[in-house]
Amino acid sequence: MHKKGFTLLEMIVAIGVFSVAVLIAVSSFLNLESVEKKVQAGLEVQTNLRFALEIMAKEIRTGTSYHCSADSGTDPVSCPAGLDYFVFKNAGGSTIIYRRNSDRIEKSSDGGATFQPLTASNVKVENLKFYAVGAETGDDIQPRIIINMKASAETRLGQNAFGFQTMVSQRKPAP
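Final position of the sequence shown in my numbering is 176; the numbers increase by one with none missing.
Just so you know, the hints here were simulated from the structure itself, not pulled from any lab data. Note that the structure is predicted; figures quoted are calculated from it, not measured. C-beta atoms are modelled at their ideal positions from N, C-alpha and C, and glycine is treated no differently. Errors might be hidden in some of the hints.
[What the hints assert, rightly or not] Calculated lysine to aspartate or glutamate pairs in the EDC-like style (CA-CA distance at most 16 Å, straight line): (1) Lys108 x Glu155; (2) Lys130 x Glu155; (3) Lys39 x Glu155.
[As the list claims (entries may be wrong)] The calculated label-pair distances, taken between Cβ atoms and stated as ranges, are: (4) Gly94 x Lys39: 55 to 65 Å; (5) Glu137 x Leu33: 52 to 62 Å; (6) Lys5 x Ser29: 51 to 61 Å; (7) Phe19 x Lys151: 14 to 24 Å; (8) Asp104 x Ala15: 18 to 28 Å; (9) Gly159 x Ser28: 35 to 45 Å; (10) Glu11 x Arg51: 24 to 34 Å; (11) Gln143 x Gly93: 42 to 52 Å; (12) Phe19 x Lys39: 24 to 34 Å.
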């Protein structure tokens, strides 16, 4: 009376267990794919923001006459409270302006006549602050500028938010 093979109930249970295992595996792979896309979108935003921050830092490092306001003239003025507008003379003597406008970082190389965006259109710059210390001439303090920014980007998988900060000290030529 020993029959070889499986009963119908054993087959249904085996197929059910196999189906559940396949369903879990497929959903894990789909979730992993969406997480990978979100990480990739985040890396693109970070790269864009780091690029803008690096451009600003390199040019500020070799600049002079730092001030954080459009109406502060050309005299160097510290701004320890932080503002979203930064003006200085670059190494070539041109007036450079960095500002936050319409959720983007913009740069002017012609004293404010025209501005070019430094960040991509999909990146929303929520906060940009420049803190300048030691900008005044004759105070014997090495000028330092702290750039602080917070930005985000909306993707189809959600929002990626990032914060960046760097400190730039002025390169002064040896006397």
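message: When the structure is checked against the list of hints, which entries are broken? Sort them ascending.
response: Going through the list in order, the structure violates hints 1, 2, 4, 6, 7, 8, 9, 10, 11 and respects the others.
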